[in-house]
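4 protein chains.
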Amino acid sequence: MSRRLKICINTGGGDAPGLNAVIEAVTMAAHHRQWEVYGIRSGYAGLLNTNDIIRLTPKVVDGIAIQGGTILGSTNKGNPFRMPVCNVAGDCEERDLSGKVLENFKRLGFDALIAVGGDGSMEIAKRFSDLGMPVIGVPKTIDNDLGGTEMTFGFDTATGIATEAIDRLHSTAKSHDRIMVVEVMGRDAGFIALNSGISGNADVILIPEIPFDIDKICAHLMGNELNGRKYGIVVVAEGAMPAGGDVVVKSEAGLGREHVVLGGIAEYVAQEIASRTGKDTRSLVLGHLQRGGSPTTFDRLLALRFGAAAVRAIEAGKLGHMVALKSDRIALVTMAEALSVEKRVDPRGDTVLTARDMDISFGD
Amino acid sequence: MSRRLKICINTGGGDAPGLNAVIEAVTMAAHHRQWEVYGIRSGYAGLLNTNDIIRLTPKVVDGIAIQGGTILGSTNKGNPFRMPVCNVAGDCEERDLSGKVLENFKRLGFDALIAVGGDGSMEIAKRFSDLGMPVIGVPKTIDNDLGGTEMTFGFDTATGIATEAIDRLHSTAKSHDRIMVVEVMGRDAGFIALNSGISGNADVILIPEIPFDIDKICAHLMGNELNGRKYGIVVVAEGAMPAGGDVVVKSEAGLGREHVVLGGIAEYVAQEIASRTGKDTRSLVLGHLQRGGSPTTFDRLLALRFGAAAVRAIEAGKLGHMVALKSDRIALVTMAEALSVEKRVDPRGDTVLTARDMDISFGD
Amino acid sequence: MSRRLKICINTGGGDAPGLNAVIEAVTMAAHHRQWEVYGIRSGYAGLLNTNDIIRLTPKVVDGIAIQGGTILGSTNKGNPFRMPVCNVAGDCEERDLSGKVLENFKRLGFDALIAVGGDGSMEIAKRFSDLGMPVIGVPKTIDNDLGGTEMTFGFDTATGIATEAIDRLHSTAKSHDRIMVVEVMGRDAGFIALNSGISGNADVILIPEIPFDIDKICAHLMGNELNGRKYGIVVVAEGAMPAGGDVVVKSEAGLGREHVVLGGIAEYVAQEIASRTGKDTRSLVLGHLQRGGSPTTFDRLLALRFGAAAVRAIEAGKLGHMVALKSDRIALVTMAEALSVEKRVDPRGDTVLTARDMDISFGD
Amino acid sequence: MSRRLKICINTGGGDAPGLNAVIEAVTMAAHHRQWEVYGIRSGYAGLLNTNDIIRLTPKVVDGIAIQGGTILGSTNKGNPFRMPVCNVAGDCEERDLSGKVLENFKRLGFDALIAVGGDGSMEIAKRFSDLGMPVIGVPKTIDNDLGGTEMTFGFDTATGIATEAIDRLHSTAKSHDRIMVVEVMGRDAGFIALNSGISGNADVILIPEIPFDIDKICAHLMGNELNGRKYGIVVVAEGAMPAGGDVVVKSEAGLGREHVVLGGIAEYVAQEIASRTGKDTRSLVLGHLQRGGSPTTFDRLLALRFGAAAVRAIEAGKLGHMVALKSDRIALVTMAEALSVEKRVDPRGDTVLTARDMDISFGD
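Residue numbers (UniProt numbering), protein chains in the order written: chain R, 1 to 364; chain Z, 1 to 364; chain E, 1 to 364; chain W, 1 to 364.
Watch out, some of these pointers could steer you wrong.
Because identical chains share one entry, a pair is satisfied inside a single copy or across any pair of copies.
To be verified - Listed below are the simulated EDC-like cross-link pairs for lysine to aspartate or glutamate, each with C-alpha atoms no more than 20 Å apart in a straight line:
id: 1; residue 1: Lys-318; residue 2: Asp-111
id: 2; residue 1: Lys-230; residue 2: Asp-62
id: 3; residue 1: Lys-59; residue 2: Asp-177
id: 4; residue 1: Lys-230; residue 2: Asp-52
id: 5; residue 1: Lys-326; residue 2: Asp-346
id: 6; residue 1: Lys-279; residue 2: Glu-337
id: 7; residue 1: Lys-100; residue 2: Asp-111
id: 8; residue 1: Lys-59; residue 2: Glu-225
id: 9; residue 1: Lys-343; residue 2: Asp-328
id: 10; residue 1: Lys-216; residue 2: Glu-272
id: 11; residue 1: Lys-279; residue 2: Asp-213
id: 12; residue 1: Lys-326; residue 2: Asp-350
id: 13; residue 1: Lys-326; residue 2: Glu-150
id: 14; residue 1: Lys-106; residue 2: Asp-96
None of these hints come from the bench; they were simulated from the model.
So that you can see chain R by itself, here it is in the shape it has in the complex (with noise of 0.2 Å):
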């Protein structure tokens, strides 16, 4: 494909640790090719504004690398398909705007979009996928829960981060005899918990894959306490719940179940162990914490490789794909199979076996 391409891409949803490396690596393999590419600022909502385009050059994107968040500014702007749209009175309603991102993207000369993002987004670019946008998506979730991929950016980062935390509560648990409730990510799936909590030697990890049992935790904590060992780590993901449970636990994803818990499930785990047990218990929520930053070189390495990837199926035509890690190479699945298969922890996998191998509980 030798005509000098002209592209564009976007980053949709919350920021994570690599966004940068991708938009670097696609402008300078774009640039490579004397392509033309541009950033849309704030998701689909910058093909809706045309004032919210810029050019995207090897000087602009020289070293971003590096750097935390997206220079492409504010991702969370809405889903096309439903845009929220409100009068001077104050009335909102969602409409339908993916006809004009379409027809904004044709009339700018586009010749294909990276849309970066985690499976929101990437159901949006399937759905612009099949009304003929060529489209290329590149993953991103910090959670590590997207399909077709073994791996993403911003994941290692914030497993990273997370660990380090666990790190660093152990010396001022063990000085206080003290058990150490931390709440790290993890809506749905249970990876960032899972890896920190083995690579931390914490004692306790509670995912959503696995439903805990509050008596179990305490047992654990409790013997550990007779072997010698007055102190005690849980690792908690923000969505882990209990067996057969009715408790609500607030959250940034809002209520659920029945019962109203004021402070997430880190503060909810800490007050039954501290009610059953007598011991001294805090809870600490790592938040946002995982999610800035400098990526790790892992990090960075795969978000440069996926972005330079992107634009390489650009030019080989394949669009309507989705690059992916399978086996440490990069591959291209499409995006259906990607959205087919929702990734959660394996309970019998080999990682679950490796901490329960080292006498760490998950409350079942």
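With chain R held as given, fit chains Z, E and W onto it using these hints.
Frame of chain R, contents of chains Z, E and W only:
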């Protein structure tokens, strides 16, 4: 002093990065003089129960300076001048067991005690010193609020961790046009908030020494928005208070003032900002993350210098003193001097002026 | 298998971040099954001198996963199939002491050996396995050049350290319009150079798999200069070689080819660039910095998974195998399979393509 | 002073972590007063070629404090009092262009210059100040060898990097029973070697202020071996010298004394130790790794305080002074005072005593 002395060391209060470095230096310096050195576990309580005393040798302390926490174990086991004593029925009363501590100290043949701790520990050390026990104090306070010394170990580490957290929050706050309110340690003194807030390029810093007006904070943030900075970082010390306020905040320290606010000062500030500006605002409490883990090089070195200087002070017969940092040299001050001053941020000092020069608001 | 087994573990070859994590996981998983586990110091040599065998318990290994090095001490004590034996006169000869190793192994009642090491260690392990010793291999190579597994522990840490070093060199190279040549590990395989060079935004990457032409390197750097980038970073693997070259470089590995160049490949490349371009050019050898210290979270987890999987392999009777990472799962491969392939950078693989797309030159 | 001033800033000498923080604080503090501020690229040379002057605004400096290097670009472009000037034939001579600098300074309407640099830059600044140019100095030296101030920015970062490197070397030295000799910066003053050596638990520290005897170093290391410590770490400042020695070492600074030793002082020391003790001994030069990259929180804050204080000094009319750190406060000292003292490690100071108390040898 050519006699082979027999000395001991205890660590009191909350743990701080650098405690193990003090222990390592004391042990090495004592060994260098062919003295015997013992570690008393659980603060002064170890002198009540002599099972809690361990021999310290170069082999035991090899390489511990890099580790967080304290190898002398749990640190908060009470004040021997009013130690809680409970009978089997669970009825407790406070008793003065200082005589027992003194008696054991002499019976075990110790020539001196090195007491590492904050103002509470220094007060106890001074009382024992007044009763004739040969004591050298080593200052320890993460908040940097102890008089008599320009700096204590642990503070640089805590400030570094807070700054790194603020650095991380920038990228996510910026990507989402969000206000992030982050609570750091500092019940009485705002040094950690001030130093990490300036280093971390915060927009607002709230410290106990400068009561804040929530309206001024909001005006500052909205002014930034007009200038194109659509996100904001607010760093708040746990002890920050509204001017003329009657707000009560929940914290580890207990309650004060009148109205109960769940979740601490950061959540209160975040809620107020959100309701007044309509901005997406989140809060985060760093909590124990600031206390644990490996000390920075600065803290390691300072703690090692303190430990070795304490041994030299014993050798020189300068008992009843505390080691201190003055103009980058180790000095000895009397414990009375150390306890006579409460160290606080100087609202007219150059660090606060630096913040104001950099357009950071204190909400005043 | 309900019998209580008695197993042992040794670590061979150079140290790698993660060795202690393997030891911790093996110990915990064995203890979980109420097995006894022993550590053999000094590689296989410890089975010749049974003073070098220590009991491993949960208490001994508590928290060691975070530490660099290996608690089993010095690792390079020779191959028992040709062990140097010297008399008092200092005359040495190589003897086959494998029979003695086997005999002691049986006499001590061990049911299995977990042998951790690189290709050298795996070859020895295979020979003992062929002689009837029940062995499970755990792959260890910082360079990532071992076949049969997608990844080994230590590699992520080394790549991260190299990338951080490259990041640091950018600012000083840029401030002084300088070319910096940095030598990283990789005698036969260029994975560390390739991955850290891409992540660290290098201008040139030189690896053993792609022989380089110094003139092309200089042309690339001078081209950058014309485009306004007046400084440059060249990352060179220790085993990189000029195309058709007759250059001999000094390295730990000894000498090869014809002409002796003092100081290694980095100094050679730096001198050539300086003399041809006239640019201020400096070289730096990272050396042992890449090998020591705490493993990354990724390496810690991988090493723990390998260790626990090795114990499960013994339980399942799968002796003579090596644990391996395949598609993010732990698999078992025969030692023959692991040894049959030399893992190298694929010059047509997507990672090399990513580098080329980002305008990084391989000097070819 | 209510007039709107117009000021400029330059950065001289080698780069140091914190230069950008000074630039950020100067810009913000000037903007706060509604002054205009300009950055002079390439040291004083930018005042000879006014194309090298850029306007600094809050937007330009936003967030640069965290970055290494200097946005004012290449720093070493010569002394205007003896600037090399070459004709087309390549013949060069040194000319005094200070008049031209002064003339441009006035012509451009600048009210003051903030000169950031080490002793060389401060000498030039003083000469311009004596000629009537309104100058404020900001001290910068990684080696911490500048008089008049207790500390300069860059030093804490460099010491931290050196300590982290030493930490890493421990595990590999220990695993292989090896002596590692690591060379750190410090041509005239040994502060980095001393502080990182103590913090990093070295066995031997060699600094310019204490000439060493290689036999005493070997005796110390062999004594450790007898006590069971079979490995060793030797930290050597690049300017360390043997006592009564006639050894010449190659370094950036050029050659001195009599005999040429290739590879610098670390290689020399390593070779001597290896030949006298027979131990496996390796050397490593940290070099530019210590200079680049993001400053520590301590350095960031100090640099920001220096920058803001420089602007306040201009406002207060205190020209001809240098900002300095004294007893944890920013003070102003005359440039003459700063230049009158060469700051060196005090061989009888408490830090050296700490090292000796910890059984670290200086080879004396």
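**Message:** If the cut is 20 Å between Cα atoms, do Lys-279 and Glu-337 qualify within a copy, between copies, both or neither?
**Reply:** Intra 48 Å, inter 38 Å, cutoff 20 Å: neither.
**Asked** With identical chains treated as interchangeable, where does the CA-CA distance between Lys-343 and Asp-328 reach 20 Å or less: within a copy, between copies, both, or neither?
**Response** Cα proximity of Lys-343 and Asp-328: in one copy and across copies (18 Å, 13 Å).
**Prompt:** 20 Å Cα cut-off: does Lys-216 pair with Glu-272 within a copy, between copies, both or neither?
**Reply:** within (12 Å within a copy, 40 Å between copies)
**Prompt:** Is the C-alpha distance from Lys-230 to Asp-52 at most 20 Å within one copy, between copies, in both cases, or in neither?
**Reply:** This pair counts as between: shortest inter-copy Cα distance 16 Å, intra-copy 56 Å.
**Asked** Which holds for Lys-326 with Asp-346 at a C-alpha limit of 20 Å: within a copy, between copies, both or neither?
**Response** Answer is both: 18 Å inside a copy and 16 Å across each meet the 20 Å cutoff.
**Message:** My question is about Lys-326 and Glu-150: at a cut-off of 20 Å on alpha-carbon distance, are they close within one copy, between copies, both, or neither?
**Reply:** Classified as both; 6 Å inside a copy, 11 Å across copies.
**Intra/inter-copy verdict for Lys-318 and Asp-111 if alpha-carbon distance must be at most 20 Å** = within (13 Å within a copy, 54 Å between copies)
**Request:** Could you figure out if Lys-100 and Asp-111 sit no more than 20 Å apart (CA to CA) within one copy, between two copies, both or neither?
**Result:** Within one copy only: 17 Å inside, 55 Å across.
**Alpha-carbon proximity between Lys-59 and Asp-177, which holds within one copy, between copies, both or neither at 20 Å** = between (53 Å within a copy, 17 Å between copies)
**Prompt:** When no copy is named, should Lys-230 and Asp-62 be tagged within, between, both, or neither for a Cα gap of at most 20 Å?
**Reply:** between (50 Å within a copy, 14 Å between copies)
**Item:** Status of Glu-225 relative to Lys-59 across identical chains (alpha carbons, at most 20 Å)
**Value:** The answer is between: 14 Å across copies meets 20 Å, while 58 Å in one copy does not.
**Intra- versus inter-subunit Cα pairing at 20 Å for Lys-279 with Asp-213** = within (18 Å within a copy, 39 Å between copies)
Taken one by one, the earlier hints fail for this structure only at number 6.
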